[in-house]
Amino acid sequence: MGLRLDGEKQISPSHLELLPTGLHNLMFTGCTLLPGALHPVATRLTQLKELQLEDDSE
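In the working numbering, the protein residues as written are 10 to 67.
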């Protein structure tokens, strides 16, 4: 199971609080992952195998 978030400018904990459990892949495109954003949801990301942060500019 995977999830892709794009179009958001800054990803904060409130963006991630509704993430489903069991994610294997999580991708952020063209946004900034704010410091500490993953900490509140870390216990739901125990099966995460791949975290991608991609710059959308080319």
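To be clear, the hints were calculated from the coordinates, so they are not data collected in a lab. Treat the numbers as computed from the prediction; the structure is a model and nothing was measured. Glycine included, each C-beta is placed from N, C-alpha and C at the ideal position. Worth double-checking, as some hints may not be accurate.
[What the hints assert, rightly or not] Beta-carbon label-pair distances, calculated as ranges: (1) D64 with G31: 23 to 29 Å; (2) S21 with E63: 14 to 20 Å; (3) S21 with Q61: 14 to 20 Å; (4) K18 with T55: 16 to 22 Å.
Here is how each hint holds up against the structure:
Look at D64 against G31: about 28 Å separates their beta carbons, and that is inside 23 to 29 Å. Take S21 and E63: their Cβ atoms lie about 19 Å apart, and the range 14 to 20 Å holds. Taking the beta carbon of each, S21 and Q61 are about 19 Å apart, inside 14 to 20 Å as hinted. Range check, K18 to T55: Cβ separation about 28 Å, and the 16 to 22 Å hint is violated.
In summary, the structure is inconsistent with hint 4 from the numbered list given earlier, while agreeing with all the others.
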